[in-house]
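Kindly generate the complete structure, drawing on both the sequences and the hints.
Okay, so the sequence shown: first residue is 24 according to my numbering, each after it adds one.
Read the hints as simulated data drawn from the structure, not as lab findings.
Incorrect hints may appear among the rest.
[As the list claims (entries may be wrong)] With a straight-line cut-off of 27 Å between C-alpha atoms, the simulated DSS-like cross-links for lysine-lysine are:
1) Lys38 <-> Lys103
2) Lys272 <-> Lys288
3) Lys121 <-> Lys38
Quick caveat, the model's predicted, so the values are computed rather than measured.
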Amino acid sequence: MEIVHVAAECYPVAKAGGLGDVVGSLPRYQTELGHVAKVVMPMYRTKFLYDNNWELVHEGGQSIGSHWFHYSVIKEKTNKLGFDLYLIDINGLLDREKIYGYDDDNERFVAFQIALCDWLNHWQHLPDAVHCHDHHTGLIPFMFKYCYAFRDKLASVPTVFTVHNGQYQGWINWDQYYFLPPYDSWNWGMLDWDNTINPMASAVKCAWKVTTVSHSYLDELRVSANGLQNLFEYERGKSAGILNGIDTKVWNPETDNYLIRNYDKELVEKGKKKNKKELAGQFGLDPDKPLISFIGRLVGEKAADLLPDAISQSIYQHHGKANFIVLGSGDPELEDQLDNMRHRFNGYFNSYIGYSEALS
Numbered sequence: 024m025e026i027v028h029v030a031a032e033c034y035p036v037a038k039a040g041g042l043g044d045v046v047g048s049l050p051r052y053q054t055e056l057g058h059v060a061k062v063v064m065p066m067y068r069t070k071f072l073y074d075n076n077w078e079l080v081h082e083g084g085q086s087i088g089s090h091w092f093h094y095s096v097i098k099e100k101t102n103k104l105g106f107d108l109y110l111i112d113i114n115g116l117l118d119r120e121k122i123y124g125y126d127d128d129n130e131r132f133v134a135f136q137i138a139l140c141d142w143l144n145h146w147q148h149l150p151d152a153v154h155c156h157d158h159h160t161g162l163i164p165f166m167f168k169y170c171y172a173f174r175d176k177l178a179s180v181p182t183v184f185t186v187h188n189g190q191y192q193g194w195i196n197w198d199q200y201y202f203l204p205p206y207d208s209w210n211w212g213m214l215d216w217d218n219t220i221n222p223m224a225s226a227v228k229c230a231w232k233v234t235t236v237s238h239s240y241l242d243e244l245r246v247s248a249n250g251l252q253n254l255f256e257y258e259r260g261k262s263a264g265i266l267n268g269i270d271t272k273v274w275n276p277e278t279d280n281y282l283i284r285n286y287d288k289e290l291v292e293k294g295k296k297k298n299k300k301e302l303a304g305q306f307g308l309d310p311d312k313p314l315i316s317f318i319g320r321l322v323g324e325k326a327a328d329l330l331p332d333a334i335s336q337s338i339y340q341h342h343g344k345a346n347f348i349v350l351g352s353g354d355p356e357l358e359d360q361l362d363n364m365r366h367r368f369n370g371y372f373n374s375y376i377g378y379s380e381a382l383s
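And the structure:
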């Protein structure tokens with residue numbers, strides 16, 4: 024079976040969270056089971072890009088509104104990740120150092136999806152399935168079915184859409200409808216939710232199958248999904264929750280290159296103590312005290328907004344008997360609060376604002 028995964032992230036190429044972990048692992052295990060798994064993602068200007076060898080496999084042109092753009096598709100030559108990795112480059116849109124956080128993100132990811140569809144439209148064969156991940160790829164099922172340039176060939180390709188985070192939906196105002204290629208206007212409702220173009224809602228409506236990262240998350244989305252809960256309930260018949268696992272080849276303390284001291288199950292206590300001591304020293308904390316950490320996006324949905332008060336109260340009430348470390352980024356106001364706490368609770372609390380695979 025040939026499966027094409029399309030995503031904004033893939034570890035270790037470019038990662039901002041759990042989406043990247045899944046897209047970096049699932050295709051490799053599918054390949055080991057005998058399937059032909061491929062990953063297609065934007066060509067950000069990352070270290071992985073410059074450290075590896077690539078070959079050009081396709082060039083083409085498409086338009087987003089009145090803007091014509093040239094795109095190229097390159098493939099990693101050595102199968103380094105255990106599956107075929109393709110990057111789509113669009114100068115001026117995808118050639119950025121960061122994955123997200125730009126004012127033109129909507130335009131960037133719509134252009135990426137258009138290029139993906141155009142490239143697949145030039146294949147001599149069709150893949151058995153296209154697996155889209157989160158809202159950055161949510162318009163692909165719609166484009167396959169309803170965009171005039173693609174539907175004749177691609178409408179028959181099965182699509183799967185996985186919701187990794189239902190809070191971020193990629194909303195696009197209807198006054199930017201021209202971002203999309205010409206489509207059958209009778210089906211504009213397949214794009215719309217609450218009077219906006221909603222890529223996540225569109226994917227849930229148009230994909231052949233919908234999955235989430237666990238059974239419980241699917242249940243949660245039917246109750247609370249940032250406005251889409253009724254849609255998830257309506258489409259429950261084609262939806263399934265599939266539990267995310269961990270990649271034991273990456274998350275293995277015996278081989279993890281980021282650890283100061285590697286350890287196996289026989290040396291868990293000694294290994295953890297050694298690593299804790301090094302970490303505490305790096306952050307100016309007492310290695311003999313209990314250490315409590317938070318690693319994640321600094322946003323309300325992760326309950327990160329509770330951290331400043333909870334940590335402050337604990338330090339005051341328990342007279343600093345435990346130390347705290349927070350690692351993450353997100354809400355600028357919350358980042359500032361945590362940064363100020365580093366000075367107020369010097370020796371008891373520290374933080375790292377940003378993303379660091381090594382510290383995680």
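Hints, one by one, checked against the model:
no.	hint	verdict
1	Lys38 <-> Lys103	holds, 17 Å
2	Lys272 <-> Lys288	holds, 16 Å
3	Lys121 <-> Lys38	holds, 10 Å
In this structure, every one of the numbered hints holds.
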